[in-house]
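Number of protein chains: 2
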Amino acid sequence: MEEKKMIKFNEQEKIDSVNGALALRPQINEIVDEICERGYSNICWLGVGGTWASAMQATVHMKEMSAIETWAENAAEYLTTGNKRITKDTVVIISSVTGNTKEVVDAIKKIKAEVGATVISFVDAKEAILLDLADYKISYPINEQLKFFMVADRFMFNNGEFEDYEDMYAEFDKYLAQDLVEVEKQAEPFAIEFAKKHWNDEMHYFVGAGNQWGATYSYAMCYWEEQLWLKTKSITSNEFFHGMFEIVTKETPVTIYIGEDAQRPLSERVANFIPRICANYTIIDSKDYELKGISEKYRKHLSHHVMHAVNNRIDVHMEIETRHPMEIRRYYRRLEY
Amino acid sequence: MEEKKMIKFNEQEKIDSVNGALALRPQINEIVDEICERGYSNICWLGVGGTWASAMQATVHMKEMSAIETWAENAAEYLTTGNKRITKDTVVIISSVTGNTKEVVDAIKKIKAEVGATVISFVDAKEAILLDLADYKISYPINEQLKFFMVADRFMFNNGEFEDYEDMYAEFDKYLAQDLVEVEKQAEPFAIEFAKKHWNDEMHYFVGAGNQWGATYSYAMCYWEEQLWLKTKSITSNEFFHGMFEIVTKETPVTIYIGEDAQRPLSERVANFIPRICANYTIIDSKDYELKGISEKYRKHLSHHVMHAVNNRIDVHMEIETRHPMEIRRYYRRLEY
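Protein chains in written order, with my numbering: chain H, -8 to 328; chain A, -8 to 328.
Simulated from the structure, these hints should not be mistaken for laboratory data. Keep in mind that a hint or two might mislead.
Intra- or inter-copy, both count: the list cannot distinguish identical chains.
[Claimed, not checked] Derived lysine to aspartate or glutamate pairs resembling EDC-like cross-links, with alpha carbons at most 20 Å apart:
1) K93 to E259
2) K278 to E312
3) K79 to E60
4) K241 to E193
5) K103 to D123
6) K187 to E259
7) K176 to D7
8) K128 to D80
9) K75 to E60
10) K241 to E327
11) K79 to E55
12) K75 to E152
13) K165 to E287
14) K75 to E154
15) K75 to D97
16) K101 to E55
17) K75 to E55
18) K93 to E118
19) K288 to D24
20) K117 to E242
21) K288 to D276
One chain only, chain H, in its complex shape:
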């Protein structure tokens, strides 16, 4: 009997994509090393929507290891409130698929005109205004978190806060791409079941923490709401207990992402409690996926990639179950607003 082929899954393409991103590291390091040589005061990850979510992930990752001042700045908020912590000595890092996201373009224009901070720009497209405006630019598709984390890790390494840096990336270079496609394969039967069970939920709750939080927020908003037109709420694992959980009863659909970084106990706390009040919950734990060749101590750096790989398979099957093509938008970039 022939094995059933996974749809929308080009294994080689996925492997090449991750390896191509990892291969940007020498280029990234050259940029970061030059900035560190020159000196800088703080690091600002700037975005909006999904890229702001990635910025939150980079920030919590750095907070766990580093004394460098760093934060996630929402581009639209910067344009109104401003931020006096952004000076000529600040490093601003952005990422954009199209390279023309309005709020980010306007924010970077303002920063270049009024402040003169150093801007590092990642854009999927080959040509874009957000590349033109940057001091340092890298054009390469997808893998946003990987790009951000490579930048963050190099800054921390140069600051003497990441002893194992070379060793860790040696493992990633060798194993990560293959490991992530293996995660997708392992997740496939679960994803099929999950989509069949939840495609028609009136409302779905997603809970996460640490480097999974930005991904949880953006998965709920940028995938289920934006691309599947399904109602969701996302909440951090810690805040779950401060009000939100009062509306959870037996049939409320709740999905909890558990990673392996420092905030793992916060999500475990939700996972341990939820069976008492809910019979419609799902736990997605990065620990359940092998990641062959990766040392135990580096797994916490990869939890969000595991989650992303699992979600990739959920998306494929949600799109089928809902019969809702994920590329259509009702309003986004279709209306003036």
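With chain H fixed as given, assemble chain A onto it according to the hints.
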């Protein structure tokens, strides 16, 4: 004909409460001045749930005016991820109703034991562990935002970033308490209508920005979810356009809070767009309330108080319409978790 009496509205008690909070200012200033005299590196507003939301409000308020490094720290996240920006030179500010919130107690214990930062503690209760643990303590009920903003404003004044400080507080001392009860009175007919219309919503969306955002987040979670057991989602005005709005259609209940601080345009953008896609929206604009005696330029400092006063009246009528007493909890502090 006798005027109908507003229920759960003791005007004199409310006036005394706000004036009592404003009267803490000399005591607050003595604390802040002493810290400024000694020197400090940064300011951390630490909380969880509703108090973390207030911390976000204090932070955005400061960001608009100040170059001081400041941020909102979630107590539960601090306990796991830590934060190397918190040092012995940091000022940590907390607020708690009971003074025994587990995550905050543990976080402050850790900070005092491992770091030795300066802790300013506001607690509603007269005696509490969070008062015992603090370097500076103030015991006074409710008015959390007012307490936080008085601290923030004094730090900015001492840093030469708030020229009008004395003039502004002279107006607040004279007019604010009365103005806020007038807001409640003005909001009453609206609140009655709103509660009648929305008490049975399957799901309600709250949108806000700037110093209204923390309040929007906590109103949705700590009031409707926790106290009324109604499903809500809150989203910032800017992020509304980055995914969430795709699920809004004609009958989706959406409430937009518009304040008068720098992020006002972000909420106006939602208000201007929403009629095209939704016929079940509500706009609550602080500008619609008079605030007699308060200069135009200081109104932006009060938007969140106006919103809070309006929400007070909504709560009263939601409690009646839902026949759901707001003091009952299903799980919060009733189960082990």
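Results for each hint:
no. : hint         : verdict
1   : K93 to E259  : between (38 Å within a copy, 17 Å between copies)
2   : K278 to E312 : neither (28 Å within a copy, 46 Å between copies)
3   : K79 to E60   : both (15 Å within a copy, 16 Å between copies)
4   : K241 to E193 : both (14 Å within a copy, 17 Å between copies)
5   : K103 to D123 : within (12 Å within a copy, 48 Å between copies)
6   : K187 to E259 : neither (26 Å within a copy, 40 Å between copies)
7   : K176 to D7   : within (17 Å within a copy, 64 Å between copies)
8   : K128 to D80  : within (18 Å within a copy, 37 Å between copies)
9   : K75 to E60   : both (14 Å within a copy, 9 Å between copies)
10  : K241 to E327 : between (41 Å within a copy, 18 Å between copies)
11  : K79 to E55   : between (26 Å within a copy, 18 Å between copies)
12  : K75 to E152  : between (27 Å within a copy, 12 Å between copies)
13  : K165 to E287 : within (15 Å within a copy, 62 Å between copies)
14  : K75 to E154  : between (32 Å within a copy, 17 Å between copies)
15  : K75 to D97   : within (17 Å within a copy, 32 Å between copies)
16  : K101 to E55  : between (31 Å within a copy, 16 Å between copies)
17  : K75 to E55   : between (24 Å within a copy, 8 Å between copies)
18  : K93 to E118  : within (16 Å within a copy, 51 Å between copies)
19  : K288 to D24  : neither (25 Å within a copy, 46 Å between copies)
20  : K117 to E242 : neither (47 Å within a copy, 42 Å between copies)
21  : K288 to D276 : within (16 Å within a copy, 51 Å between copies)
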